[in-house]
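> Chain residues, written in single-letter form:
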Amino acid sequence: MTFFKNIMYSFKKYKFLLSQLVSRDFKVKYKRSILGIIWSLLYPILTMSVMALVFTKMFKMSTPGVNYLVYLMSGLVIFNYFNEASNLAMSSVVANFSLINKVYMPKYIFPLSKCLFVGINFLLTLIPLYAIIFITGTNVNIYHLLLPYMFFCLFLFTLGMGFILSAVSVFLRDMFYIYGVVITLWTYMTPIMYDISIIPENLLFIFKLNPIYWFIKFARDIILYNVIPGLNVWIYCGVFALGVLFLGMFVFKKTQDKFIYYV
Amino acid sequence: MKKEDIMIELNDISMRFNLGIEKGFSLKQGFVDMFKKEKRKKEKNEFWALSNVNFKVKKGEVVGFIGSNGAGKSTLLKVVAGVMKPTKGVVLTYGNICPMIELGAGFDMQLTARENIYLNGAVMGYSKELIDEKFDEIVEFSELKDFLDVPVQNFSSGMVARLAFSVATIVNPEILIVDEILSVGDIAFQAKSEAKMMEMITGGTTVLYVSHSLEAIKKLCNKVVWIEHGEVQKIGDIAVCDEYMEFMSRK
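Chains as they are written, first to last, in the numbering used here: chain H, 17 to 279; chain U, 48 to 298.
Hints were generated in silico from the structure; no laboratory data involved. Misleading hints may appear alongside valid ones.
Mimicking DSS-like on lysine-lysine, the simulated pairs with C-alpha atoms at most 27 angstroms apart in a straight line are [to be verified]:
| id | chain 1 | residue 1 | chain 2 | residue 2 |
| --- | --- | --- | --- | --- |
| 1 | U | K103 | H | K28 |
| 2 | H | K29 | U | K192 |
| 3 | U | K181 | H | K118 |
| 4 | H | K270 | U | K265 |
| 5 | H | K31 | U | K132 |
| 6 | U | K132 | H | K45 |
| 7 | U | K106 | H | K118 |
| 8 | U | K192 | H | K274 |
| 9 | U | K192 | H | K45 |
| 10 | U | K175 | H | K43 |
| 11 | U | K132 | H | K269 |
| 12 | H | K269 | U | K135 |
| 13 | H | K118 | U | K132 |
| 14 | H | K29 | U | K181 |
| 15 | H | K28 | U | K192 |
| 16 | U | K298 | H | K118 |
| 17 | H | K47 | U | K175 |
| 18 | U | K175 | H | K118 |
| 19 | U | K135 | U | K103 |
| 20 | U | K181 | H | K43 |
| 21 | U | K132 | H | K270 |
| 22 | U | K175 | H | K29 |
Far from chain H, by Cβ distances over 10 angstroms, these chain U residues were calculated [stated by the list, open to error]:
| id | residue |
| --- | --- |
| 23 | N65 |
| 24 | Q157 |
| 25 | I217 |
The beta-carbon is built from N, C-alpha and C at its ideal position, and this holds for glycine as well.
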């Protein structure tokens with residue numbers, strides 16, 4: 017109990033710093049661009065268009081019964097959140113060494129602020145997603161109100177990964193390169209642009225060990241197939257989120273006092 | 048000595064650095080580290096930046112730290128400020144700490160002066176209300192009113208230092224940690240900033256002050272801690288300065 021009390025206390029105390037770090041990221045991100053924040057809306061549409069073009073025209077990819085654009089876009093926004101947030105979180109501690117070395121502040125604040133910053137961006141990318149949903153005439157049902165559960169799980173999972181990656185990369189700078197390769201593999205191992213039905217039965221279990229598969233499935237069950245995700249999907253999302261979050265918190269807490277020696 | 052008078056208490060503080068740590072920074076070494084954690088610690092050439100440091104600081108005391116370069120003074124300040132966690136021992140501090148070890152921590156060069164005042168203030172642990180309240184005071188002291196909405200990257204280094212100094216010195220901390228008296232900017236601002244620091248130091252707060260200027264130490268401090276090779280050589284009044292002088296001249 018005291019553990020959670022401590023977290024709440026620390027959160028309250030550093031709320032302002034956290035909001036400053038997040039708003040700093042926003043200001044810096046769009047500082048010199050003419051379109052500014054519109055890029056947050058435009059960018060996902062443009063990348064999706066490119067991928068849709070490549071996969072439908074060149075690889076003749078299709079998803080029977082549902083609109084391919086919506087299929088692709090729903091997978092993309094979820095995976096892109098994870099990709100961008102986990103990468104930024106990974107480098108956040110190393111990038112802020114000069115701060116850590118001068119002033120006391122809880123170090124978890126750096127990965128957390130990155131996951132929040134990309135999270136706000138993620139919410140913005142829902143606008144182009146829904147634009148595609150409306151344009152393609154995909155049915156919107158009441159179940160959409162269940163999606164925040166998955167968003168929350170995705171956030172916690174990514175935060176947990178951010179803790180692990182940022183802590184490990186302090187001791188092992190090779191992590192930046194290793195993770196670059198891992199995330200590429202991860203992208204292709206996640207059914208973003210293809211349907212999971214093309215995977216041979218005997219390999220399917222590997223794909224189902226991927227937490228992001230479940231997050232994406234949760235979204236697609238609602239958006240494309242108009243059904244409430246099965247109980248197992250709810251459970252997988254929650255368990256992966258909390259499991260990785262707690263693992264991340266454990267790793268980070270164990271190692272954070274040693275960060276200072278690796279400055 | 049009454050218990051409530053104590054502001055800082057250091058109990059048997061030791062701080063170890065691993066000098067070899069920078070060398071083996073690779074995947075291979077990383078794996079070796081992971082599995083042979085205990086073993087490797089013994090192999091490496093260790094360096095004790097501080098060993099068994101004990102002292103207490105009472106409320107209102109101005110404590111000067113002297114010692115040659117690399118003696119562990121700055122490490123000690125960082126331990127008190129909470130930036131570093133000691134390898135051994137316990138640090139107890141009672142009251143909010145303002146570490147003026149390096150100014151402008153967390154400045155983002157792409158942001159404007161106005162934005163940086165809030166960001167840097169947050170980094171220093173100020174609340175939003177405090178910065179709102181003191182904002183005009185900060186701007187006035189820094190004399191940068193006309194440049195508030197200019198990105199800091201377009202500032203001269205003196206202007207950046209002035210802004211950083213102004214943000215750092217608006218609080219009245221219960222414990223002030225100073226690494227050399229800072230006088231920044233042009234001649235006029237130097238005098239102003241020095242006066243401001245003197246005001247903070249002599250204003251009745253508890254101060255930890257590191258300096259190589261024995262004159263300043265003698266003038267400001269009522270307690271002196273002499274550190275050499277990470278160990279406390281002597282704690283006493285300003286007479287310690289003279290012993291230190293003698294020690295240095297013999298070297």
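> Each hint: holds or not?
To see whether the hints hold, each was checked on the structure:
Of the pairs offered as hints, the one joining K103 (chain U) and K28 (chain H) is violated, with about 31 angstroms between alpha carbons and a cut-off of 27 angstroms exceeded. Restraint check for K29 (chain H) and K192 (chain U): not satisfied, since their Cα atoms lie roughly 30 angstroms apart, outside the 27 angstroms limit. Using a Cα cut-off of 27 angstroms, the hinted pair K181 (chain U) and K118 (chain H) holds, with the two alpha carbons roughly 23 angstroms apart. As the CA atoms of K270 (chain H) and K265 (chain U) are separated by approximately 43 angstroms, the hinted pair breaks the 27 angstroms bound.
Taking the CA atoms of K31 (chain H) and K132 (chain U), the gap is near 23 angstroms; set against the 27 angstroms cutoff, the hint holds. For the proposed pair K132 (chain U) and K45 (chain H), the alpha carbon gap of about 34 angstroms is over 27 angstroms, so the pair is violated. Proposed proximity of K106 (chain U) and K118 (chain H) is supported: the alpha carbons are some 24 angstroms apart, at most 27 angstroms. A distance of roughly 42 angstroms separates the Cα atoms of K192 (chain U) and K274 (chain H); the hinted pair therefore is violated under the 27 angstroms criterion.
For the proposed pair K192 (chain U) and K45 (chain H), the alpha carbon gap of about 26 angstroms is at most 27 angstroms, so the pair holds. With a C-alpha separation of about 18 angstroms, the suggested pairing of K175 (chain U) with K43 (chain H) holds against the 27 angstroms cut-off. Annotation: proposed proximity of K132 (chain U) to K269 (chain H) holds, straight-line Cα distance about 13 angstroms (limit 27 angstroms). Among the hinted pairs, K269 (chain H) with K135 (chain U) is consistent with the structure: their alpha-carbon atoms are about 18 angstroms apart, no more than 27 angstroms.
For the hint pairing K118 (chain H) with K132 (chain U), the CA-to-CA distance comes to about 13 angstroms; that is within 27 angstroms, so the pair holds. Pair hint K29 (chain H) plus K181 (chain U) holds up; C-alpha atoms about 19 angstroms apart against a cutoff of 27 angstroms. Taking the CA atoms of K28 (chain H) and K192 (chain U), the gap is about 32 angstroms. The hint is violated against a cut of 27 angstroms. A threshold of 27 angstroms between alpha carbons decides the hint, and for K298 (chain U) with K118 (chain H) the separation of about 32 angstroms lies outside it, so the pair is violated.
Taken as a hint, the K47 (chain H) and K175 (chain U) pair is honoured in the structure, with Cα atoms around 23 angstroms apart against an allowance of 27 angstroms. For the suggested pair K175 (chain U) and K118 (chain H), the alpha carbons sit about 21 angstroms apart, so the restraint of at most 27 angstroms is met. Taken as a hint, the K135 (chain U) and K103 (chain U) pair is honoured in the structure, with Cα atoms around 17 angstroms apart against an allowance of 27 angstroms. With a CA separation close to 23 angstroms, the supplied pair K181 (chain U) and K43 (chain H) stays within the 27 angstroms bound.
A distance of roughly 13 angstroms separates the Cα atoms of K132 (chain U) and K270 (chain H); the hinted pair therefore holds under the 27 angstroms criterion. In summary, the hint linking K175 (chain U) to K29 (chain H) is supported, as the alpha carbons are separated by about 11 angstroms, within the 27 angstroms threshold. With a closest Cβ-Cβ approach of about 6 angstroms to chain H, N65 (chain U) is found to fall inside the 10 angstroms limit, against its non-interface label. Separation of Q157 (chain U) from chain H is inadequate, the least Cβ-Cβ distance of about 5 angstroms not exceeding the 10 angstroms criterion.
Its beta-carbon lying about 16 angstroms from the closest one in chain H, I217 (chain U) satisfies the requirement of being farther than 10 angstroms from that chain.
Hint compliance for this structure: hints 1, 2, 4, 6, 8, 15, 16, 23, 24 are not met, and every other hint is.
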